[in-house]
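> Listed below, chain by chain, are the residues.
2 protein chains.
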Amino acid sequence: MKNINIGLIGFGTIGAGVAKILLESRQGISDRMGAELNLNKIADLDITTDRGIKLPDGILTTDIDQVIGNPEIDIVIELIGGYEPARTFVERALKNKQSVVTANKALLAKHGNELFATARENGVDLYYEASVAGGIPIIKTMREALVGNQINSVCGILNGTCNYILTKMGDEGANFDEVLKTAQELGYAEADPTFDVEGIDTAHKLAILTSLAFATAIDYKKIHVEGICNIKPVDFAFAREFGYKIKLLAIAKNEGGYIEARVHPTMIPKEHMLAKIDDVFNAVFINADALGPSLYYGQGAGMMATASAVVADLVDIARNLNCNNLRRIPDLSFQDSKIMPGNYRPISEISSQYYLRFSALDKTSVLSRIAGILGDNGISIASVIQQGGGQGDSATVAVVMQTHKAQEKNLRAALNKIDQLEIIASPTTVIRMESDL
Amino acid sequence: MKNINIGLIGFGTIGAGVAKILLESRQGISDRMGAELNLNKIADLDITTDRGIKLPDGILTTDIDQVIGNPEIDIVIELIGGYEPARTFVERALKNKQSVVTANKALLAKHGNELFATARENGVDLYYEASVAGGIPIIKTMREALVGNQINSVCGILNGTCNYILTKMGDEGANFDEVLKTAQELGYAEADPTFDVEGIDTAHKLAILTSLAFATAIDYKKIHVEGICNIKPVDFAFAREFGYKIKLLAIAKNEGGYIEARVHPTMIPKEHMLAKIDDVFNAVFINADALGPSLYYGQGAGMMATASAVVADLVDIARNLNCNNLRRIPDLSFQDSKIMPGNYRPISEISSQYYLRFSALDKTSVLSRIAGILGDNGISIASVIQQGGGQGDSATVAVVMQTHKAQEKNLRAALNKIDQLEIIASPTTVIRMESDL
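Keeping their order, the protein sequence lines are chains A and B.
Just so we're aligned: the first sequence equals residues 1 to 437 in this note's numbering.
Just so we're aligned: the second sequence equals residues 1 to 437 in this note's numbering.
All the pointers check out, no bait thrown in.
Covered stretches of chain A, as calculated for chain B (at least 3 residues, CB under 8 angstroms):
#: 1; region: 12-26
#: 2; region: 30-44
#: 3; region: 134-141
#: 4; region: 300-307
#: 5; region: 319-325
Residues from chain A that face chain B, not an exhaustive set, calculated with beta carbons under 10 angstroms:
#: 6; residue: A145
#: 7; residue: L146
#: 8; residue: N149
#: 9; residue: R328
Below, simulated DMTMM-like cross-link-like pairs (lysine to aspartate or glutamate); rule was C-alpha separation at most 25 angstroms, straight line:
#: 10; chain 1: A; residue 1: K338; chain 2: B; residue 2: D31
#: 11; chain 1: B; residue 1: K276; chain 2: A; residue 2: E241
#: 12; chain 1: B; residue 1: K270; chain 2: A; residue 2: E271
#: 13; chain 1: B; residue 1: K405; chain 2: B; residue 2: D289
#: 14; chain 1: B; residue 1: K54; chain 2: A; residue 2: D289
#: 15; chain 1: A; residue 1: K276; chain 2: B; residue 2: D436
#: 16; chain 1: B; residue 1: K2; chain 2: B; residue 2: D57
#: 17; chain 1: B; residue 1: K405; chain 2: B; residue 2: E226
#: 18; chain 1: A; residue 1: K270; chain 2: B; residue 2: E271
Worth flagging that the hints you see were computed from the coordinates, not collected in a lab.
Think of the CB as a built atom: it goes at the ideal place given N, C-alpha and C, for glycine as much as any other residue.
Can you build the whole structure from these sequences, using the hints too?
This is the structure:
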């Protein structure tokens with residue numbers, strides 16, 4: 001087996017982690033692979049900041065062309081993140097017949113289909129294990145280990161920031177804003193946390209998993225996305241009373257040829273494996289026809305865990321290169337000719353159980369009026385908790401309901417009416433409940 | 001890509017599952033692989049019993065030579081189980097340049113080193129995903145996804161029968177014998193459950209995982225094995241009081257170049273992911289230097305889950321065959337030249353925390369005498385629970401202790417003395433407690 005030369009673009013946290021593994025675990029990799037992975041070049045605009053890694057002389061460069069199109073570089077690692085210039089760089093590398101490893105979920109969610117086509121046309125690999133669930137080998141599992149299965153559903157906790165916030169809110173009864181602030185202080189949340197807490201990052205990852213599961217082109221725009229900002233401590237208390245936990249779930253299901261793909265806060269029974277995933281950890285839960293349920297758990301972010309996934313991709317491609325067998329595994333699990341546009345079910349057409357928290361003025365008629373409107377819209381109530389009124393400084397009471405399975409559009413029609421009632425103080429909180437993942 | 005011909009030996013439950021996937025999910029596999037897996041021959045002594053699978057004519061045979069050595073068969077699946085004739089058949093297939101897929105952990109634990117050598121000498125693959133943790137892709141994960149990591153420890157719940165029994169004993173306060181009977185009625189336990197409940201099956205699997213983790217030859221005899229037959233309902237109650245659960249764990253650690261490999265009932269903190277794995281499910285928990293902690297969960301046995309793993313191996317080998325790249329992944333994760341005899345730490349030299357349950361005659365002096373002997377042997381007590389005496393029909397009381405970390409040999413020396421005291425009614429129950437897996 002021959003040695004393989006690596007060029008890295010983007011020397012941030014993950015880049016430094018990859019360099020650390022390639023330099024410090026060189027022997028361990030070569031003991032497994034039977035050849036060396038040489039880190040030849042690292043391109044970044046900033047090559048003066050100390051990343052705490054001792055690099056051989058001459059590796060760092062500000063000149064991207066020393067990596068992309070350099071015939072000595074076999075594999076390019078893209079770790080700059082974001083859409084541009086990442087897209088341009090990856091495309092140029094692929095067109096130069098360089099295989100690429102990326103951790104960039106936003107890039108793949110938006111430009112994945114074109115980039116995979118470019119990789120195919122140029123006979124090279126574009127691997128992306130680190131783009132979903134960090135160090136957890138979920139791409140390899142879906143592309144290779146589940147090859148004998150039809151996947152029925154894939155659900156995940158794919159954003160460590162959100163899972164940390166929801167775990168702390170649940171455990172400590174704290175507000176979203178307080179916990180977010182702590183998360184930022186601990187480095188678990190960005191200064192601008194929008195991508196995380198609005199569910200966008202999770203949806204990028206779900207777009208990729210959906211495609212891998214159901215042989216569909218990546219279509220981020222078809223994913224229904226809701227974030228976690230509107231959940232209140234009281235919702236965790238009620239969830240507990242119902243025997244549920246609240247998680248930001250990425251859910252993709254294939255039911256009768258229709259795909260549901262959605263990201264939203266979800267109540268799941270506390271016995272479900274996904275309910276047991278706490279703090280910054282990620283997990284992916286797959287239901288497949290032969291394997292049944294399976295779960296994959298680990299660190300979904302962070303310097304070394306993400307770098308572990310990047311290095312696994314490097315070794316896979318190096319093994320492919322060494323036997324002239326690039327394109328060994330189809331990009332999205334299925335042969336290109338089998339990948340179709342997905343037949344997505346709009347969110348209005350899905351069915352779910354719902355948790356509803358009404359902020360009602362403390363009137364005796366409130367329950368009967370809400371129940372009446374729900375009933376008129378075909379929504380059947382499974383249980384009700386009505387808080388005693390007049391506590392604290394609030395003039396409103398919470399009326400909480402768990403519905404039986406209902407259609408989303410019927411629920412929305414009912415809530416439109418209910419939220420206009422003069423006895424309802426503020427918009428109703430809705431959290432979907434999933435009991436059969 | 002060209003089609004690949006498969007021959008199956010052993011048409012039992014798993015064999016029927018594999019046939020079912022290869023026949024009924026033929027399209028799904030070909031959509032991924034870009035070629036067909038043809039099930040050409042199934043050899044079994046019994047070809048008349050209906051396995052509920054509609055097979056094409058002419059597939060079934062009682063003649064092993066229609067599979068082994070048949071130049072039309074590219075890959076042989078061995079699913080007969082046990083040592084012989086499985087060993088002979090696998091060896092013959094490998095020597096005939098046929099790659100082999102097996103689910104046979106007992107075979108690999110005993111003869112794996114020789115069989116892998118034979119595979120190497122003949123330039124073919126011997127894959128074995130289904131041999132450990134059934135459908136969970138733990139072999140692929142350890143051989144491929146963790147390639148950039150040094151593994152510090154791998155721990156698992158690897159036997160569904162034991163995990164079912166321990167879960168029910170914990171939940172229901174039932175006796176081992178009662179729960180075993182239920183498990184047998186449900187088909188979760190064999191009529192002769194020795195291999196399962198004595199920990200032997202788990203140890204076979206741990207022998208394989210230890211080798212994959214630490215680049216050591218497979219050495220089943222070095223694994224310390226204890227089963228679950230002596231655990232009493234009262235131990236679950238005390239475990240709960242300490243905040244622990246009891247699981248039959250397979251534990252392999254590499255500490256300072258010494259390998260500990262042991263299978264025994266273990267108390268683990270209830271917050272640990274492995275404590276959350278219930279019923280017949282399996283899970284493997286790995287601590288690696290880059291990835292950190294990760295867990296892989298699913299069905300560790302059963303017709304279709306195990307067949308899922310077999311088919312994943314078939315597709316992997318088919319992909320290797322199609323680019324003349326057999327031997328792509330080293331058998332035991334590391335290059336053959338790097339695999340050494342392991343430097344195992346004898347059980348007497350390990351350190352652990354211990355749960356000790358003494359059956360004492362209700363004498364006021366019991367605690368001081370036990371504590372004295374423990375102290376003389378350098379064992380320090382972390383906490384004590386002394387049951388009130390004279391309850392029920394028993395003349396003995398339980399004195400339960402949790403020790404600080406102590407050396408096994410010191411503990412055994414102390415217990416040898418304690419169990420001879422006239423105030424001790426029966427041998428002391430010892431369960432190791434692992435808080436830092």
